[in-house]
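Participant: With the hints as extra help, turn the sequences into a complete structure.
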Amino acid sequence: MNIKRHKTLIGQLDNLVDAKHLNEVKKVIEYLTKINTVKIELLRTVEMEKVYEQITTVLSSEFKISHFMIANIINGVNTIKWQKGDNIDNPYVFTHTVSELGIIEISLNTIELDSFEKIYLDSFLDEIANVLYIKYVLKELHSSVFIDHLTQLKNRQSFDEDMKEFIPLALREKMNLAALIVNIDRFRAVNDEHGRTFGDKFLKLYADVIKKHIRNSDIAVRFGGGEFLILLINVVNEEKVLELASKLKDELNKAYLISPYDDEFKKTVCIGISMFPKDSSDINEVIRKAEIALGEAQFKGRDQIARFEEPDGGIDFF
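My numbering numbers the first residue of the sequence shown as 66 and each following residue consecutively.
Source of the hints: derived by calculation from the structure; they are not laboratory data. Among the clues, some could well be false.
For lysine-lysine, the following DSSO-like pairs were computed, each having C-alpha atoms within a straight-line distance of at most 30 Å [stated by the list, open to error]: (1) K115 - K269; (2) K204 - K305; (3) K219 - K331; (4) K219 - K229; (5) K146 - K269.
Facilitator: So, in structure tokens, the structure goes:
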């Protein structure tokens, strides 16, 4: 209910409702308006942390509730999404079934409410649960679209979306970035020799090694096949980039799985490197140049690193 309709309806109540029930009806309209306003604000809020903070504020101001917990129950598994305050003794538990397998449960510290206030609280919690369900579904959908399920790294689509906001910031803050494209030498032979399931395990192994040896601020992306992109953020200089690339290459070369033939199965990698904004202020061009460098590294042989250089300068090998 928008504010204009709310004021119009309140103004007409004296002619529509007898005096005995007038205050109750006005109270219902006030409550419904508040609930609708909160719902709209929650739906507009993107960050889940802020969504939970808004819920906390309303529960405190409207119902004097200071301790509560929100849980999402899927297939019998209870996941706590948010908790405010300590453990809740003798809680008032509101349960909202949002699908055949999904339940949102909100537990509150015990409070004294009259029957009218309890209806208001339940109505409010019902709307909260609906909003949270929408948020959780959207998050899951986003995850399924932007995360490579095999490696749990970002996919190319996710990376491209992130760069739309990040690159203008990097230019403004004069950040130096390094793009490393890592390719597993003759990866197709892994699938041919040991099967796709083994190849998938090998990709996951390499993704875990990459995540272990880069900073939380850096970005790792599954590019497809046996190829990964690593974007190093705020690098000190090219020498440090080459040191990290060399160390990462060595760590990946050491990683192994026990093959179906009961031996240690290892591979080598080649890495192509380019720099932002030195090689280009266009991130797509930086990646293209890293791919060129990768091609040159692969041309030289397996287990190689190449730094992109413009054609008149050639390609440096390390």
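Participant: Could you run down the list of hints and mark each one as holding or not?
Facilitator: Outcome of the hint check:
| no. | hint | verdict |
| --- | --- | --- |
| 1 | K115 - K269 | violated (33 Å) |
| 2 | K204 - K305 | violated (36 Å) |
| 3 | K219 - K331 | holds (24 Å) |
| 4 | K219 - K229 | holds (15 Å) |
| 5 | K146 - K269 | holds (28 Å) |
Going through the hint list in order, the structure does not satisfy hints 1 and 2.
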